[in-house]
Each structure stands twice: as structure tokens, then as C-alpha cells.
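Spelled out, the chains give:
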Amino acid sequence: AQRVTQPEKLLSVFKGAPVELKCNYSYSGSPELFWYVQYSRQRLQLLLRHISRESIKGFTADLNKGETSFHLKKPFAQEEDSAMYYCALRGPHPGYSTLTFGKGTMLLVSP
Amino acid sequence: NAGVTQTPKFQVLKTGQSMTLQCAQDMNHEYMSWYRQDPGMGLRLIHYSVGAGITDQGEVPNGYNVSRSTTEDFPLRLLSAAPSQTSVYFCASSYGGSSGNTIYFGEGSWLTVV
Numbered sequence: 763a764q765r766v767t768q769p770e771k772l773l774s775v776f777k778g779a780p781v782e783l784k785c786n787y788s789y790s791g792s793p794e795l796f797w798y799v800q801y802s803r804q805r806l807q808l809l810l811r812h813i814s815r816e817s818i819k820g821f822t823a824d825l826n827k828g829e830t831s832f833h834l835k836k837p838f839a840q841e842e843d844s845a846m847y848y849c850a851l852r853g854p855h856p857g858y859s860t861l862t863f864g865k866g867t868m869l870l871v872s873p
Numbered sequence: 121n122a123g124v125t126q127t128p129k130f131q132v133l134k135t136g137q138s139m140t141l142q143c144a145q146d147m148n149h150e151y152m153s154w155y156r157q158d159p160g161m162g163l164r165l166i167h168y169s170v171g172a173g174i175t176d177q178g179e180v181p182n183g184y185n186v187s188r189s190t191t192e193d194f195p196l197r198l199l200s201a202a203p204s205q206t207s208v209y210f211c212a213s214s215y216g217g218s219s220g221n222t223i224y225f226g227e228g229s230w231l232t233v234v
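These protein sequences, in sequence, are chains A and B.
Counting from 763, one number per residue, gives the positions in the first sequence under this note's numbering.
Counting from 121, one number per residue, gives the positions in the second sequence under this note's numbering.
The set of hints was computed from the structure by calculation and includes no laboratory data.
Watch out, some of these pointers could steer you wrong.
Said to hold, decoys possible - Examples of chain B residues toward chain A, derived with CB under 10 Å:
hint, residue
1, M152
2, G160
3, D176
4, G178
5, V180
6, T206
7, V208
8, A212
As the list claims (entries may be wrong) - Output of the computed footprint for chain B on chain A, the stretches with three or more beta carbons under 8 Å from beta carbons of chain B:
hint, segment
9, 805 to 813
10, 853 to 859
11, 863 to 870
Positions of the beta carbon are idealized from the N, C-alpha and C atoms, including for glycine.
Build the full structure now, drawing on both the sequences and the hints.
Written out as C-alpha cells, the structure reads:
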């Protein structure tokens with residue numbers, strides 16, 4: 763069965779420090795991975811997906827198939843980055859229409 | 121273009137009551153799904169649908185019913201609410217059929233069962 767692991771429940775950093783949110787996955791085929799962000803009591807927002815290789819709000823993530831990882835990185839954290847971050851893997855249900863989520867990492871950026 | 125619309129946004133229920141969370145999308149998406157979000161558990165799939173008249177169970181289906189009579193609507197029914205169903209519920213939709221399709225989420229429904 764496919765699985766997404768986010769080992770850190772909470773990551774606390776100071777403003778201006780680098781950030782790395784870890785995500786590892788287990789999947790037998792060619793994975794499609796995403797990062798979603800949720801600000802306090804708001805909807806899930808797609809932050810980025812690996813196939814587009816975009817950089818959104820200064821965040822980047824690279825798929826490493828050898829290490830089965832998709833870590834989210836930002837060189838200089840901002841206070842407004844404080845939020846819950848979810849890593850997700852497309853599948854396993856028909857039509858590629860569902861996602862398997864990790865348990866999430868809360869990022870707190872202090873001034 | 122409204123996207124995925126969920127109602128209500130907030131609801132408080134008493135144990136044993138029943139209710140329906142509504143989800144509607146106006147993008148003519150075949151595929152729709154319901155997730156629940158709990159602290160420390162992430163989002164888990166409750167039920168999904170691959171088209172009108174076709175539904176199936178996800179990871180945590182117990183205590184929930186769904187139906188898909190139209191392409192646009194995918195309501196989630198709580199048959200007899202329990203405190204363990206206190207959660208945030210998200211509806212999602214997509215065209216599906218191949219990887220790369222965007223999955224759209226609603227704004228969420230915050231449910232408290234007392």
C-alpha cells in the first residue's frame with residue numbers, strides 16, 4: 763500500500779532561518795507528489811507539485827526517487843509561512859482522483 | 121466559477137443526531153471524494169465517487185453514507201453522529217482519468233459532535 767510519512771509534527775524556526783519540511787513516500791509506480799498548505803482554519807491550498815517544478819512563495823521541492831523523498835525547502839522563513847503543511851501522493855483509487863496524505867507538519871516561524 | 125462548494129461551514133450536533141454535509145461542484149468533474157482532517161492524523165479518505173451512481177469506500181467509511189445522483193453533487197450523510205466524528209471535512213473533485221489533473225478542494229466543514 764502506498765504511504766506518505768512526515769516525521770515532524772512541529773517545526774519551529776526563527777524568521778530568516780532556512781526551513782526544510784521532510785516527506786518520504788512509499789509507492790511502487792511512478793509517483794506524483796504534492797505539497798499543500800493550510801493557514802489557520804482555512805481551506806487547503808496547493809503549494810506545489812513535483813511535475814510542474816514551480817517555486818511558490820519561495821518554496822521548492824525536489825523529488826528524489828532514490829531516497830523516495832520530496833522535502834519542502836525555503837532558504838529564509840517568514841512569519842507568514844506559519845501554517846500546517848501536508849505532503850500528498852496521488853492515488854491509489856481509480857482515475858488518479860484521490861490523494862494519500864501525510865499526517866502534516868506544523869511550521870511556526872517566530873520573529 | 122464557484123469551484124467546489126461545501127455547506128454548512130460550521131455545525132454543532134448532538135450525539136445521535138443525523139445530518140448531511142453538502143458538496144457541489146460546477147466544473148463537470150467525474151470524480152469526487154470526501155476526506156476528514158484530524159489533528160495528528162492528516163487527511164483520510166472517507167468515500168469517493170468515479171461518476172454519477174458509482175461510489176466506493178475509502179479508508180474510514182464507518183458511520184458515513186454517500187450517494188451520487190448527479191454529476192454536480194456528492195452529499196455526505198452522518199447517520200447517527202458520535203463525538204469521534206468531530207472533525208473538519210473536505211470535499212474534493214477532479215476530472216481524473218490520468219495523472220496531472222488538478223484536484224480541487226472545498227473550503228471545509230467544521231463539525232462538532234457533543
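For each hint, the structure was consulted:
1. M152: Holds - the Cβ of B/M152 comes within 10 Å of chain A, reaching about 8 Å at its closest.
2. G160: 6 Å, holds
3. D176: 7 Å, holds
4. G178: 7 Å, holds
5. V180: Since the shortest Cβ distance to chain A is 12 Å, the answer is violated.
6. T206: 15 Å, violated
7. V208: With Cβ-Cβ at 9 Å, under 10 Å, it holds.
8. A212: 8 Å, holds
9. 805 to 813: holds (count 4)
10. 853 to 859: Answer holds; 5 residues pass the 8 Å Cβ test.
11. 863 to 870: holds (count 4)
Violation of the numbered hints given earlier is confined to hints 5, 6; the remaining hints are satisfied by the structure.
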